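As given, the protein sequences belong to chains A, B, C and D, one line each in that order. Just so we're aligned: 207 in the numbering used here is position 207 of the first sequence, and the numbers increase by one with no gaps anywhere. Just so we're aligned: 262 in the numbering used here is position 262 of the second sequence, and the numbers increase by one with no gaps anywhere. Just so we're aligned: 217 in the numbering used here is position 217 of the third sequence, and the numbers increase by one with no gaps anywhere. Just so we're aligned: 205 in the numbering used here is position 205 of the fourth sequence, and the numbers increase by one with no gaps anywhere.
Fair warning: there could be bad hints in the mix.
Because identical chains share one entry, a pair is satisfied inside a single copy or across any pair of copies.
Here are the computed lysine-lysine pairs in the DSSO-like style, where the Cα-Cα straight-line distance is at most 27 Å [as the list claims (entries may be wrong)]: (1) Lys-153 <-> Lys-51; (2) Lys-151 <-> Lys-70; (3) Lys-217 <-> Lys-70; (4) Lys-151 <-> Lys-51.
Just so you know, these hints were derived from the structure itself, not from any lab. Quick caveat: nothing in here was measured; it's all calculated off a predicted structure.
There are 4 protein chains.
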Amino acid sequence: MVVQEGELILICLDDESTYLVRAETNRRLETHYGVIELGQLVGRPWGMRLKLRGGEAYVLRPTIEDMVMKVERRTNIVYPKDIGYLLLVLGVHCGSRVLEIGTGSGALTAALAFAVAPTGRVYSYDVRQEHLDQARRNLERFGLLQYVDLKCKAIGQPVEEEQVDAVVLDIPTPWDEIGTVRRCLVAGGRLASLNPTFNQIEQFAERLRQSGFTLIKAMEIVVRPLVVRPGATRPAQQIIAHTEFLLTAAFLNPESVEVNRG
Amino acid sequence: MVVQEGELILICLDDESTYLVRAETNRRLETHYGVIELGQLVGRPWGMRLKLRGGEAYVLRPTIEDMVMKVERRTNIVYPKDIGYLLLVLGVHCGSRVLEIGTGSGALTAALAFAVAPTGRVYSYDVRQEHLDQARRNLERFGLLQYVDLKCKAIGQPVEEEQVDAVVLDIPTPWDEIGTVRRCLVAGGRLASLNPTFNQIEQFAERLRQSGFTLIKAMEIVVRPLVVRPGATRPAQQIIAHTEFLLTAAFLNPESVEVNRG
Amino acid sequence: MVVQEGELILICLDDESTYLVRAETNRRLETHYGVIELGQLVGRPWGMRLKLRGGEAYVLRPTIEDMVMKVERRTNIVYPKDIGYLLLVLGVHCGSRVLEIGTGSGALTAALAFAVAPTGRVYSYDVRQEHLDQARRNLERFGLLQYVDLKCKAIGQPVEEEQVDAVVLDIPTPWDEIGTVRRCLVAGGRLASLNPTFNQIEQFAERLRQSGFTLIKAMEIVVRPLVVRPGATRPAQQIIAHTEFLLTAAFLNPESVEVNRG
Amino acid sequence: MVVQEGELILICLDDESTYLVRAETNRRLETHYGVIELGQLVGRPWGMRLKLRGGEAYVLRPTIEDMVMKVERRTNIVYPKDIGYLLLVLGVHCGSRVLEIGTGSGALTAALAFAVAPTGRVYSYDVRQEHLDQARRNLERFGLLQYVDLKCKAIGQPVEEEQVDAVVLDIPTPWDEIGTVRRCLVAGGRLASLNPTFNQIEQFAERLRQSGFTLIKAMEIVVRPLVVRPGATRPAQQIIAHTEFLLTAAFLNPESVEVNRG
Numbered sequence: 001m002v003v004q005e006g007e008l009i010l011i012c013l014d015d016e017s018t019y020l021v022r023a024e025t026n027r028r029l030e031t032h033y034g035v036i037e038l039g040q041l042v043g044r045p046w047g048m049r050l051k052l053r054g055g056e057a058y059v060l061r062p063t064i065e066d067m068v069m070k071v072e073r074r075t076n077i078v079y080p081k082d083i084g085y086l087l088l089v090l091g092v093h094c095g096s097r098v099l100e101i102g103t104g105s106g107a108l109t110a111a112l113a114f115a116v117a118p119t120g121r122v123y124s125y126d127v128r129q130e131h132l133d134q135a136r137r138n139l140e141r142f143g144l145l146q147y148v149d150l151k152c153k154a155i156g157q158p159v160e161e162e163q164v165d166a167v168v169l170d171i172p173t174p175w176d177e178i179g180t181v182r183r184c185l186v187a188g189g190r191l192a193s194l195n196p197t198f199n200q201i202e203q204f205a206e207r208l209r210q211s212g213f214t215l216i217k218a219m220e221i222v223v224r225p226l227v228v229r230p231g232a233t234r235p236a237q238q239i240i241a242h243t244e245f246l247l248t249a250a251f252l253n254p255e256s257v258e259v260n261r262g
Numbered sequence: 001m002v003v004q005e006g007e008l009i010l011i012c013l014d015d016e017s018t019y020l021v022r023a024e025t026n027r028r029l030e031t032h033y034g035v036i037e038l039g040q041l042v043g044r045p046w047g048m049r050l051k052l053r054g055g056e057a058y059v060l061r062p063t064i065e066d067m068v069m070k071v072e073r074r075t076n077i078v079y080p081k082d083i084g085y086l087l088l089v090l091g092v093h094c095g096s097r098v099l100e101i102g103t104g105s106g107a108l109t110a111a112l113a114f115a116v117a118p119t120g121r122v123y124s125y126d127v128r129q130e131h132l133d134q135a136r137r138n139l140e141r142f143g144l145l146q147y148v149d150l151k152c153k154a155i156g157q158p159v160e161e162e163q164v165d166a167v168v169l170d171i172p173t174p175w176d177e178i179g180t181v182r183r184c185l186v187a188g189g190r191l192a193s194l195n196p197t198f199n200q201i202e203q204f205a206e207r208l209r210q211s212g213f214t215l216i217k218a219m220e221i222v223v224r225p226l227v228v229r230p231g232a233t234r235p236a237q238q239i240i241a242h243t244e245f246l247l248t249a250a251f252l253n254p255e256s257v258e259v260n261r262g
Numbered sequence: 001m002v003v004q005e006g007e008l009i010l011i012c013l014d015d016e017s018t019y020l021v022r023a024e025t026n027r028r029l030e031t032h033y034g035v036i037e038l039g040q041l042v043g044r045p046w047g048m049r050l051k052l053r054g055g056e057a058y059v060l061r062p063t064i065e066d067m068v069m070k071v072e073r074r075t076n077i078v079y080p081k082d083i084g085y086l087l088l089v090l091g092v093h094c095g096s097r098v099l100e101i102g103t104g105s106g107a108l109t110a111a112l113a114f115a116v117a118p119t120g121r122v123y124s125y126d127v128r129q130e131h132l133d134q135a136r137r138n139l140e141r142f143g144l145l146q147y148v149d150l151k152c153k154a155i156g157q158p159v160e161e162e163q164v165d166a167v168v169l170d171i172p173t174p175w176d177e178i179g180t181v182r183r184c185l186v187a188g189g190r191l192a193s194l195n196p197t198f199n200q201i202e203q204f205a206e207r208l209r210q211s212g213f214t215l216i217k218a219m220e221i222v223v224r225p226l227v228v229r230p231g232a233t234r235p236a237q238q239i240i241a242h243t244e245f246l247l248t249a250a251f252l253n254p255e256s257v258e259v260n261r262g
Numbered sequence: 001m002v003v004q005e006g007e008l009i010l011i012c013l014d015d016e017s018t019y020l021v022r023a024e025t026n027r028r029l030e031t032h033y034g035v036i037e038l039g040q041l042v043g044r045p046w047g048m049r050l051k052l053r054g055g056e057a058y059v060l061r062p063t064i065e066d067m068v069m070k071v072e073r074r075t076n077i078v079y080p081k082d083i084g085y086l087l088l089v090l091g092v093h094c095g096s097r098v099l100e101i102g103t104g105s106g107a108l109t110a111a112l113a114f115a116v117a118p119t120g121r122v123y124s125y126d127v128r129q130e131h132l133d134q135a136r137r138n139l140e141r142f143g144l145l146q147y148v149d150l151k152c153k154a155i156g157q158p159v160e161e162e163q164v165d166a167v168v169l170d171i172p173t174p175w176d177e178i179g180t181v182r183r184c185l186v187a188g189g190r191l192a193s194l195n196p197t198f199n200q201i202e203q204f205a206e207r208l209r210q211s212g213f214t215l216i217k218a219m220e221i222v223v224r225p226l227v228v229r230p231g232a233t234r235p236a237q238q239i240i241a242h243t244e245f246l247l248t249a250a251f252l253n254p255e256s257v258e259v260n261r262g
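Construct the entire structure; sequences and hints are all you get.
What follows is the structure, encoded as structure tokens:
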């Protein structure tokens, strides 16, 4: 298995710095270990080693996690620790139709697209056209744009989609989209929201309770890297301890007749 | 959209206890809120409410996270917080071919199967036939068995598969399978291991470094639930703070000629 | 150094269960390892081993941490992780005069008394006489009552003390005591509050900012025990992750003329 | 209460930067808010406000926590979160005689001295004279040198003290001092060690178990600051998540005759 012209590759230096680039003729990557002529990698095997002036480099297949961490951005990205959990809780997979409100830089959009491809679809809305433009560039670079519709809308304005399998909200006032979610989420389906402050989580949870949602759960996910050295292993000293809280909920059928049981 | 005969459903009481059951005629679920005749749910809408003696219950579409948390088990399960992250780091998705060594109760196997379906495949090995039997029952219940091969093998014994896209190890001595991984993982592909002690992580990381792997990273993922009450929101008091450490690595091409660059 | 009649001792079984008792003639301690005649320990050396039917027991000198963890209580105690930090931030030591509002079971009161003894004093107020009674019994048992004044007062009612060196609040509505603090805390001195919800911390911080306090800091302190086994060391699985948030602040001089400088 | 000539003061700008300085005539402090003539603060009230070009500054009484965070240092300091807990577990207070091995910059030494003053004593040893010199300067600055003996010794070499009430080890190979601890710690007394890696904790715990110690506990203490804003409160994003693990243990009487009981 060899690298193809134009393929996305992850260059990894042995000091753990990484670069997500395209293997294209006449293109070069400048690193602090030296320059790499990217065209010369075409036709050569994945996993190859490169000897550079400053040390070794490796050519790896990028994963969706690498892509998420390398989106070009103006906004905070959603982190893999949160995305991975959301995908499971939302039950997103091949064929799912997912609504995202708050495209941002498109990091979460890319992960959703990767999960629903090739037969599903992501409908992603943002209030700012410049966010959508940047997300489009990121998705195009990752080869995932074909699974995504990017659209502009104001907060609270309705969406065109109906009966979507799951909804993700990544906006400061998620309660302003409860009406939207009620109109387009399949009954019994799941919703998730990402918000940095306690206050947003508290307010959104309360509004969801009053609006026909159940299984409302909130949490934060903390990743603690280990520094692994033979005979001297310890938790990392400085970490990113907080990004956003996650809130997940399930949508009850608004038209459901209640059934009396034992 | 209504519940079909035989479909898997999640019954959720309003005290947040949940039951994963099948909507089958002549089957009943006993809960501390009262009895639910499951056959009577067939043909009725998803997301419906049930009035029980003890309170309300709701009928939700189960997600893969619900399934993972409800596997029948003799062993510790792998938790959603870890599974979600692993799926991203391994880049597992529709069509992937994944090797798992250490089937256990099949919780991770189920999540892998859900992610690679319908066109991919999970090859899952365990040393104990009784683990495989239990995993088979869990996968069958979730409708995911068709995407999985379950096989018995001793630790260190080779596997039949070649050129798999990703490998997950969930065994106490992952270093005993480095040879296996080298033979069957695609060059430039990713490996992950789950282990509870720092000693295992330290030993495995060192052995991987000596065996042609790079981007070796170890971490733990901690979920901190929030208790959300209007005007009185706080982190949960008692939590599960540690399950397993995660180790991830990328496999270098063992036959790669080194290329000299700048 | 031998155990004296009537001295407080910590009996520690080799399974890590502990008992805080008095070495008194004709008194016996029943444990799941067997019965210990406490009078027979008098005149024998500290650190001695006892062979019981169920295993070994040890006779240790109790520390203030042992006492704090063994208070008899109806309320939540303040934990050593929080107490230790508070003592440092408040600068409490031998000779300090400290005001505590919210005596509770007296765990924190005991630690404060231990820190200010023998020349300082703790003035501790509670709204409920039964709390004060229980705190009195705990302090008496630990030999610390002589350093403490226990008094009953309603929230917001003034205290008799003036110019105390530090103030600790352990009540649900600490903002109701800002006036009290302003009247009795020495200018430039420190205040600390313990509260379980972020809402309380947010409200109190805001009120302090408006009331002439500075250096307002809030945090939580999490203790993660390690399970240490040769070759198999890992973080503890289940932990108490949250007890209370801590808020600390410094009191500015309400009468201070501002000085103009560069 | 006014600031005296030569007294240690904490200058705190309203952006939360702090300076620990002496109020001395003809001395000035340069800050990014402007210059403060320190001599002009003498005779003026504690807690006073200063109007500077860049904003407000406040004159506070420094606590021992402020001193610990402001030691001049070449080594890592021990953090207040750990110190506070250690003081409680060791039961250190007014009058205690404490042995410290591993003086470092003297941060922990200062906190110990503050806790045992005025009638107790800290005996602090280090292998490097330059550490002792720096600790001496820090202790002198804080007015705590009179309670401390600073001495140089090689690891494993005996100490002069006997029957000390508690021992703290802050060295990379604490197991090399087990003999020292056994000779000088009072029977039934407490020991604590600070070490950054799992491996050190595991090795030391095992050696202590074999050497007549009990109640061996290890943990890490994590401080998570809150960012408190009205309506927008959240945990801090970047934190120091790991400094050192703590290990605490109790020393059994090496000469104790075992007593047979029920």
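Hint by hint, here is what the structure shows:
1. Lys-153 <-> Lys-51: neither (50 Å within a copy, 39 Å between copies)
2. Lys-151 <-> Lys-70: This pair counts as within: shortest intra-copy Cα distance 23 Å, inter-copy 38 Å.
3. Lys-217 <-> Lys-70: between (30 Å within a copy, 17 Å between copies)
4. Lys-151 <-> Lys-51: neither (45 Å within a copy, 41 Å between copies)
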